[in-house]
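**Q** With the sequences and hints as input, model every part of the structure.
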Amino acid sequence: MHIMEGFLPPAHAIGWAAASLPFLVLGLRSVKRTLAAHPEQRMLLGVAAAFAFLLSALKLPSVTGSCSHPTGIGLGALLFGPAAMVPVGFVVLLFQALLLAHGGLTTLGANVFSMAVVGPFVAWGVFRAAAGGGASRSIAVFLAACLGDLATYVTTSIQLAWAFPDAVGGFGASFIKFAGIFGLTQVPIAISEGLLTVLVVNAMARFNAHELRKLPVMAMENKA
Amino acid sequence: MNKRSWMIWSAIVLLTVLPLWFASAPPAEPGAEAPAIFGGADERAQQAIGTVAPGYEPWFEPLFEPASGEIASLLFALQAALGAGVIGYWLGTSVTRERARREAAAAAGSHAD
Numbered sequence: 001m002h003i004m005e006g007f008l009p010p011a012h013a014i015g016w017a018a019a020s021l022p023f024l025v026l027g028l029r030s031v032k033r034t035l036a037a038h039p040e041q042r043m044l045l046g047v048a049a050a051f052a053f054l055l056s057a058l059k060l061p062s063v064t065g066s067c068s069h070p071t072g073i074g075l076g077a078l079l080f081g082p083a084a085m086v087p088v089g090f091v092v093l094l095f096q097a098l099l100l101a102h103g104g105l106t107t108l109g110a111n112v113f114s115m116a117v118v119g120p121f122v123a124w125g126v127f128r129a130a131a132g133g134g135a136s137r138s139i140a141v142f143l144a145a146c147l148g149d150l151a152t153y154v155t156t157s158i159q160l161a162w163a164f165p166d167a168v169g170g171f172g173a174s175f176i177k178f179a180g181i182f183g184l185t186q187v188p189i190a191i192s193e194g195l196l197t198v199l200v201v202n203a204m205a206r207f208n209a210h211e212l213r214k215l216p217v218m219a220m221e222n223k224a
Numbered sequence: 001m002n003k004r005s006w007m008i009w010s011a012i013v014l015l016t017v018l019p020l021w022f023a024s025a026p027p028a029e030p031g032a033e034a035p036a037i038f039g040g041a042d043e044r045a046q047q048a049i050g051t052v053a054p055g056y057e058p059w060f061e062p063l064f065e066p067a068s069g070e071i072a073s074l075l076f077a078l079q080a081a082l083g084a085g086v087i088g089y090w091l092g093t094s095v096t097r098e099r100a101r102r103e104a105a106a107a108a109g110s111h112a113d
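Chains as they are written, first to last, in this note's numbering: chain A, 1 to 224; chain B, 1 to 113.
Mixed in with the good hints, there may be bad ones.
Taking lysine to aspartate or glutamate and the DMTMM-like style, the derived pairs with C-alpha atoms no more than 20 angstroms apart in a straight line are [claimed, not checked]: (1) A:Lys214 x A:Glu40; (2) A:Lys59 x B:Glu98; (3) A:Lys59 x B:Glu43; (4) A:Lys59 x B:Glu61; (5) A:Lys32 x A:Asp166.
Note that these hints are calculated values from the structure, not bench results.
**A** So, in structure tokens, the structure goes:
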């Protein structure tokens, strides 16, 4: 989902940065508030951030014959709310842009928007919908992390199709092309991320029940 | 680890390992060389931009590029190690804390008798 340095026209680069900035401010406030109200959750916030660091460094092979990486963003979004993961995703993407030439500074806004804004908010929304619909905690967590991951890559495809519409088929044809690269490659990887997130949430439910008892994800009895 | 956790771990490993045998190289973009098998999706998207908008020139270069593929994988490994280190620390302290709590509860229970 990393759009390479310089690969978005300036107007798009500035537009996506402007779109991401308010979420980043919102996210920093949200993290500050969480830590002030629940200092005992500091360690788990660190684990959620570490999960995103670890997973987004792993480029896994996929059925399309390409490699891509999970985002690890869904876990933190379920625990601390979607806004909290915006600064985390920002730090990961900045690290990769500055040191790895992976993504870039000009495309940072667009990459933050797909991975650290759309990803966590979709994960959060899916979790609420699934939990409200009576799914067990494991199923709701799986769907949330999996679809949040996938939504990030669909967003990248939209961003690229918008910036580079096909000469004949326009936005639609271009979107199909990019979604064919990003979306299909991501399907098995998103499933893996969903499964891994379930394992971590189960471990947290076992070890950190006390710190997490007020969080909605833990309030759910694990039926399955 | 319970049976369900084992099943989930196996599924993750299979989902990651099976493509190594069953996937073939992605199709070539018209007018471009076929992409290498298991290259990055990001690079494929970059090639696709080249076919959709052949005249597009990236207008900004990375400030710093890893000197080689080895250096890049070193930095990726460092990123993963940072994450795994924190998670390992959390798991370690959690397991120890739970054991201490159980032993304390058992000790308190034997006192009561």
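**Q** The structure should be examined with respect to each hint, and the outcome stated for every one.
**A** Cross-check of the supplied hints:
This hinted pair checks out: Lys214 (chain A) and Glu40 (chain A) have alpha carbons roughly 12 angstroms apart, not beyond 20 angstroms. Taking the CA atoms of Lys59 (chain A) and Glu98 (chain B), the gap is near 34 angstroms; set against the 20 angstroms cutoff, the hint is violated. Annotation: proposed proximity of Lys59 (chain A) to Glu43 (chain B) holds, straight-line Cα distance about 13 angstroms (limit 20 angstroms). Annotation: proposed proximity of Lys59 (chain A) to Glu61 (chain B) is violated, straight-line Cα distance about 23 angstroms (limit 20 angstroms).
With a C-alpha separation of about 44 angstroms, the suggested pairing of Lys32 (chain A) with Asp166 (chain A) is violated against the 20 angstroms cut-off.
Violated hints, listed in ascending order, are 2, 4, 5; each of the other numbered hints is respected by the structure.
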